[in-house]
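Participant: Starting from the known structure of chain A, fit chain B onto it as the hints suggest.
Protein chains: 2
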Amino acid sequence: MALNTRPVAASMNDTNYHGGMIDNLNKGVGALPEPISPAQTQGLGWRLLDEEISLPAAVLYDGVMQQNLQWMQSFVTQYGVKLAPHGKTTMAPKLFARQLAGGAWGITLATAQQTRVAYAHGVRRVIMANQLVGKRNMEIIGQLIADADFEFFCLVDNVDGIDQLGRFYSERGQTLQVLLELGAAGGRTGVRDAAQQDAVLAALARWPEALQLAGVEIYEGVLKQEAEIRAFLQRAVTVLTELAGAGQIKRTPALLSGAGSAWYDVVAEEFAPARIGMPLDVVLRPGCYLTHDVGIYKTAQAQIEIRNPIAHQMRTSLKPALQLWAYVQSIPEADKAIIGLGKRDAAFDAGFPTPAQIYCPGDALPQDVPAHWQITGMMDQHAYLQIAPGDEIKVGDMLAFDISHPCLTFDKWRQVLVLDERYQVVDIVQTYF
Amino acid sequence: MALNTRPVAASMNDTNYHGGMIDNLNKGVGALPEPISPAQTQGLGWRLLDEEISLPAAVLYDGVMQQNLQWMQSFVTQYGVKLAPHGKTTMAPKLFARQLAGGAWGITLATAQQTRVAYAHGVRRVIMANQLVGKRNMEIIGQLIADADFEFFCLVDNVDGIDQLGRFYSERGQTLQVLLELGAAGGRTGVRDAAQQDAVLAALARWPEALQLAGVEIYEGVLKQEAEIRAFLQRAVTVLTELAGAGQIKRTPALLSGAGSAWYDVVAEEFAPARIGMPLDVVLRPGCYLTHDVGIYKTAQAQIEIRNPIAHQMRTSLKPALQLWAYVQSIPEADKAIIGLGKRDAAFDAGFPTPAQIYCPGDALPQDVPAHWQITGMMDQHAYLQIAPGDEIKVGDMLAFDISHPCLTFDKWRQVLVLDERYQVVDIVQTYF
Numbered sequence: 551m552a553l554n555t556r557p558v559a560a561s562m563n564d565t566n567y568h569g570g571m572i573d574n575l576n577k578g579v580g581a582l583p584e585p586i587s588p589a590q591t592q593g594l595g596w597r598l599l600d601e602e603i604s605l606p607a608a609v610l611y612d613g614v615m616q617q618n619l620q621w622m623q624s625f626v627t628q629y630g631v632k633l634a635p636h637g638k639t640t641m642a643p644k645l646f647a648r649q650l651a652g653g654a655w656g657i658t659l660a661t662a663q664q665t666r667v668a669y670a671h672g673v674r675r676v677i678m679a680n681q682l683v684g685k686r687n688m689e690i691i692g693q694l695i696a697d698a699d700f701e702f703f704c705l706v707d708n709v710d711g712i713d714q715l716g717r718f719y720s721e722r723g724q725t726l727q728v729l730l731e732l733g734a735a736g737g738r739t740g741v742r743d744a745a746q747q748d749a750v751l752a753a754l755a756r757w758p759e760a761l762q763l764a765g766v767e768i769y770e771g772v773l774k775q776e777a778e779i780r781a782f783l784q785r786a787v788t789v790l791t792e793l794a795g796a797g798q799i800k801r802t803p804a805l806l807s808g809a810g811s812a813w814y815d816v817v818a819e820e821f822a823p824a825r826i827g828m829p830l831d832v833v834l835r836p837g838c839y840l841t842h843d844v845g846i847y848k849t850a851q852a853q854i855e856i857r858n859p860i861a862h863q864m865r866t867s868l869k870p871a872l873q874l875w876a877y878v879q880s881i882p883e884a885d886k887a888i889i890g891l892g893k894r895d896a897a898f899d900a901g902f903p904t905p906a907q908i909y910c911p912g913d914a915l916p917q918d919v920p921a922h923w924q925i926t927g928m929m930d931q932h933a934y935l936q937i938a939p940g941d942e943i944k945v946g947d948m949l950a951f952d953i954s955h956p957c958l959t960f961d962k963w964r965q966v967l968v969l970d971e972r973y974q975v976v977d978i979v980q981t982y983f
Numbered sequence: 551m552a553l554n555t556r557p558v559a560a561s562m563n564d565t566n567y568h569g570g571m572i573d574n575l576n577k578g579v580g581a582l583p584e585p586i587s588p589a590q591t592q593g594l595g596w597r598l599l600d601e602e603i604s605l606p607a608a609v610l611y612d613g614v615m616q617q618n619l620q621w622m623q624s625f626v627t628q629y630g631v632k633l634a635p636h637g638k639t640t641m642a643p644k645l646f647a648r649q650l651a652g653g654a655w656g657i658t659l660a661t662a663q664q665t666r667v668a669y670a671h672g673v674r675r676v677i678m679a680n681q682l683v684g685k686r687n688m689e690i691i692g693q694l695i696a697d698a699d700f701e702f703f704c705l706v707d708n709v710d711g712i713d714q715l716g717r718f719y720s721e722r723g724q725t726l727q728v729l730l731e732l733g734a735a736g737g738r739t740g741v742r743d744a745a746q747q748d749a750v751l752a753a754l755a756r757w758p759e760a761l762q763l764a765g766v767e768i769y770e771g772v773l774k775q776e777a778e779i780r781a782f783l784q785r786a787v788t789v790l791t792e793l794a795g796a797g798q799i800k801r802t803p804a805l806l807s808g809a810g811s812a813w814y815d816v817v818a819e820e821f822a823p824a825r826i827g828m829p830l831d832v833v834l835r836p837g838c839y840l841t842h843d844v845g846i847y848k849t850a851q852a853q854i855e856i857r858n859p860i861a862h863q864m865r866t867s868l869k870p871a872l873q874l875w876a877y878v879q880s881i882p883e884a885d886k887a888i889i890g891l892g893k894r895d896a897a898f899d900a901g902f903p904t905p906a907q908i909y910c911p912g913d914a915l916p917q918d919v920p921a922h923w924q925i926t927g928m929m930d931q932h933a934y935l936q937i938a939p940g941d942e943i944k945v946g947d948m949l950a951f952d953i954s955h956p957c958l959t960f961d962k963w964r965q966v967l968v969l970d971e972r973y974q975v976v977d978i979v980q981t982y983f
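Sequences listed follow chains A and B, in order. My numbering numbers the first residue of the first sequence as 551 and each following residue consecutively. My numbering numbers the first residue of the second sequence as 551 and each following residue consecutively.
Okay, chain A solo, but in the shape it has when bound (with noise of 0.2 Å):
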């Protein structure tokens, strides 16, 4: 088994690596009169305010994102623990790479297609934060884990999901490292109570070459109010280090993670000063700080700043480096604009985009919208911007949305633009759902 800790790699030159072309067939680029590879989008030159782009496009400012990295690092150095941000966010292995080479610890990711992806791209140590479930994905699995360069941990829960892969790895000869998921009452995956977790350490103990427990997990987000969180919180580190006590967890220093995005200061707080009688690792796993938003993050953000003592004390903030630009593509009433941009180019579940700038092809620079204006719907090519009889805008303007959920809006683009300050695209970062 990997216990490998040499600083891990992202290369886009991985042997592993297939494919990828950005051709003119892909929306929200510019003119490419041949595919190039991802390697090959430096020098474009394609500037967006000189309607260089085919809009909608989604696009990522460079400065913003890296802040945002630094932010969160800076955060994680402070609690002396670790990061391994959710990649399902973005599954952007160019970001993934930016994000270890910031220092981050590993990747987090949910499924054995999005692990091959990381995997494929130099990314060497992974948490899937899920069960591994089903034969062709464990085989997947297997294929990884054979290079022992790479170090790779998935949940369990229930005695069925362990058999299945203690059979198939027993029967492969090969070790996978497993972390125990306690979950909430009416939450989603993760052990209940300590009948349901004493099942499943029984299950574990029947595949000892298999599988080896390396540590516990959770998932906070499940819940909504910070006491029961903090209650979560403190059985996952009471139950680890019993399971530490009693000589269960085999891997050195242990594994202990929580956090989605909303949360992981309180992970943090709780999970930091935790002393189990061994060795730990405690690693973090929030995904939507690098691009942030101006939605459900922004204000859980917001609460962040405000009860976290080192999250409040630092001098700058997460900024949304997401944005998605559209033409103004009709004005039939006076007070309504259509918009090009739809279901099919951002998320809508927790809340629309919301309209940042406008731009008028030949004007300096964008300006920023009046407050009143606002999308109202959305179909799955238009959206409905609420408008003032007046106001100024006409067919042809490009306007700038900020978004709320980045996750399902990278998933509605198979590549985005990385601009720099004026505008200009210095890196296509390419998307793997």
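To be clear, the hints were calculated from the coordinates, so they are not data collected in a lab. It cannot be assumed that every hint is accurate.
Heads up, the list lumps identical chains together, so a pair's fine if it works in one copy or across two of them.
[Unchecked claim] Derived lysine to any residue pairs resembling SDA-like cross-links, with alpha carbons at most 25 Å apart:
| # | residue 1 | residue 2 |
| --- | --- | --- |
| 1 | LYS848 | GLY927 |
| 2 | LYS685 | PRO916 |
| 3 | LYS685 | THR725 |
Facilitator: Showing chain B alone in chain A's frame:
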């Protein structure tokens, strides 16, 4: 300007076709030691029931899809109208090719990028049922219409947009065919009244070489009541008759087009008998019939089969051809199973996926699920399945889900597996979102 009416061919070997390899970084596929091209997907031998596919996966049932295709073609043939199915639903060139081979007159699309994808795969007649806005988007279409064998139409409904198009294509010495879009008060795009219509016609008159009016287009799906829809359709016939009488229609036959997937029968009834004083092509544009669903379009189709005499007398009906397969991942509470299927995999804006069948690996065939099972919530990568204590279900079982709203399911998948009646993969359909 191309008014070519030769049979439209859809070839995967078009010389403009780039990229599109299928590799093992994709979700929902089987083992792929090497990347394959879309033409190499025959004979893969993957069997869904033998767990040779990494789930979750999206699948199309070949025979059902073929029946749906024939049903709609038979319907439009009986009305003597033409079919340009909305390709934005699937964005799958292999399905476009099936629709064209089955008798479709062209393909409808929503954006310049979608049009380019269709062209690159051999489609040679496209209605872009949208305004064409923005320099780069105009360039894309300009490149395509340079091919005299490619016939293209887009919509106009406002003066600024027309002047932008006129200036752009005048400078290139090209001619663009446009359709006047009529709209309804409170609806989406389209001219609302005679004043807007007159302004549009005056703007078109400024660009007689660059812009040629080919007919009238409406989208009735923004209205909800049959009576107002019929009135809207009758207005379209009246306007087109007046334009034809005034010699303003530059294409022969003139084009009259409407119909989403919910009211195509009413559109056929109103448009088919239209006599406008010149030859006329009536073109319907439903997009969802090929896969159908068990949600919004099942409900709409049931209404059609009640109210429309031709649909009523047809011996078959549309059937759902698209399903998602996923594993039971955890059963943490007696009445709750967690499924490895989330908002990343399925539409959720018009009802959650509906559990249809369950399969325990090793059994002979899938079984229908109990009627009381239902999805009660979805997260990015998980679904909550309500069950009853004691139900026969365990971790590792495979579940098939029907869906509501195929458009927002297709765009979650870069390829969809085509299955025969024995659940064997016979083809892979790629999407280009």
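Participant: None of the hints should be skipped; say for each whether it holds.
Facilitator: Here's how the hints hold up against the structure:
1. LYS848 / GLY927: Answer is both: 22 Å inside a copy and 23 Å across each meet the 25 Å cutoff.
2. LYS685 / PRO916: between (52 Å within a copy, 17 Å between copies)
3. LYS685 / THR725: within (16 Å within a copy, 56 Å between copies)
Comparing the model with each numbered hint stated earlier shows that all of them hold.
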